[in-house]
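**Student:** The listed protein sequences derive, respectively, from chains B and R.
Heads up: the first sequence begins at 0 in numbering that gives the first Met the number 0, then just goes up one per residue.
Heads up: the second sequence begins at 0 in numbering that gives the first Met the number 0, then just goes up one per residue.
The hints are simulated quantities; they were obtained by calculation from the structure and are not laboratory data.
Heads up, some of the hints might be wrong.
Claimed, not checked - Ranges between beta-carbon positions, derived for each pair: (1) B:197 x R:98: 52 to 60 Å; (2) B:93 x R:114: 30 to 38 Å; (3) R:253 x B:94: 52 to 60 Å; (4) B:106 x R:95: 47 to 55 Å; (5) B:91 x R:219: 38 to 46 Å; (6) R:252 x B:193: 34 to 42 Å.
Glycine included, every Cβ here is placed at the ideal spot set by N, Cα and C.
Here are the chains, one letter per residue:
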Amino acid sequence: MIERWALVSGLLGDLETYDLIQRDLKKTRGVTSLFVLGDLVGPERNCDALLDRLKNPHRGDLKPDCIYGWWEEQLLAERGFRGERKADALRLSQGEDAVNALLNTVNPSHLNWLASLQFGFIELDCALIHGSSSDVGDNLTSETSPLILLDRLTRLNVNRLFTARSTKQFHLELTGGGINSQVKDLNGKREQQQEVPKRSVIGIGAGVHYTLYDVGSDKTHFLTAGSKTNPKRKGFA
Amino acid sequence: MNHAIISCLHANLPAVEAVLNDIDRQGIKTITCLGDLVGYGPQPNEVVELIRKRGIATCQGCWDEDIIDGLNACECSYPSQLAERRGHLAHQWTDDQLTDENKSFLANLPTSLRRDRLLFVHGSPNSQHEYLLPDMDAFAALERVETAGADILFCGHTHQPYVRELRGGSIHVRLQNADHDSGQREELTLPMRKIVNAGSVGEPRHGTTNATYVIHNDATDEVEIKEVAYDVGRTCQAIVEAGLPKVFAWRLSHGFEFAEQAEDASHVCER
Ligand SMILES: [Zn+2]
Ligand SMILES: [Zn+2]
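The whole structure should be built from the sequences, with the hints applied where relevant.
**Tutor:** Encoded structure:
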């Protein structure tokens, strides 16, 4: 079967947006998997209804495979699921009120399910992670140094990294280049030439902005739920 | 000006004394130590006190960290379970021996030191436990130096001294955004950077029993790897007398870690 993935993130408790995406996917041909790359929850609205829907899909819903993101990490840490660590990153960036707001948006009955979510998926030669293997909060964009992007790919030894943290949609392909390395030790000198591997980092967007990925042809389509965009036109070979 | 970089002293006093003598003989005044003052060897207090007395700028090694924080490192620090068990024994012994004052010295060491464009760390800028081996992926190696904002990165932890120059690098990319359909192409030229591994004074694993360290000239950027012979027998005897695992003495008298190489050098400890 030809695989076509839908990649979604940054719902932040917004069931309406999720519903819009599900409706979109019903009209889109050939979608085989739906991956939700974290940030299911957020501080702005009550998230319980969305979490219920993700855990118990409606009939006709494409079944979502979820991982946790930065907001879940903050929530779980504050709720004692991460050892000594608390929601330090959130507290530091947005203050105590934001931490309290987040705690109030998720019913504690969802915590065990959230805590059971994985950090990422490896599918074929692709990694699907909220940030990167370096950190769930690793904010990779198309402006991030390609050297760092290459490092994140190398750490996972994958050809494609799908990331969501930046909320941006982009497909950055490493197409060429190389580097010379000379090592001198007590046994002498040796030279080595290394080429840049053909790999890519794909930002999948957030909220209504989501991405379709055609696995066979390596094509990404950047979409906005509810708008009348033909996936073909946005294809990227 | 020449300055010397030493690492991985590992409580081996005769080796530390021999290396410091070698450095003094050359009239070198600035010495930087990349940590691992203790662990494996039989004279942890003596070595820490010598470094303190000489006022040598030091960053914290993996052993120095673990002695303070407890053995909470993930298994990535040890190449095998056998090595891990021996490591635990040495850890316990060292923990029992070290005075509170010396422990507090180790606890307060910084994880990195910076002088202009030179950065000094124990393992890598990411972690005291990450191995930067000489043959690791060249782009990943460059990324460590670049992201840390240094021109030359001095590290230890592998116990194998080397100088690695990364140059002539470039990365070509093609970018597609949601807003525009056609791929936009760019070419990034990478800067030349160096990684210098100081090897190990007290527990060399490069194939001979000699202690190693490096001398860097900050005007010419020339790096020299130095080997110093010392009384290995004296340390081996002290290891046995202290009741530490005999394999540590065996290893010192051979200069390499038998069948115990880190398996995944690119693994980053995420504890
Ligand atoms: Zn060491
Ligand atoms: Zn070490």
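**Student:** Next, verify each hint and record whether it holds.
**Tutor:** Each hint, compared with the structure:
In this structure, residue 197 of chain B and residue 98 of chain R meet the distance hint of 52 to 60 Å, their C-beta atoms being roughly 56 Å apart. For the pair residue 93 of chain B and residue 114 of chain R, the supplied restraint of 30 to 38 Å holds, since their beta-carbon distance comes to about 36 Å. The beta-carbon spacing between residue 253 of chain R and residue 94 of chain B, approximately 57 Å, falls within the hinted interval of 52 to 60 Å. At about 50 Å, the beta-carbon gap between residue 106 of chain B and residue 95 of chain R stays in the expected band of 47 to 55 Å.
The supplied range of 38 to 46 Å is met by residue 91 of chain B and residue 219 of chain R, whose beta-carbon atoms lie about 43 Å from each other. Residue 252 of chain R and residue 193 of chain B have their C-beta atoms about 37 Å apart, which keeps the hinted 34 to 42 Å range intact.
When held up to the earlier numbered hints, the structure conflicts with none and fits them all.
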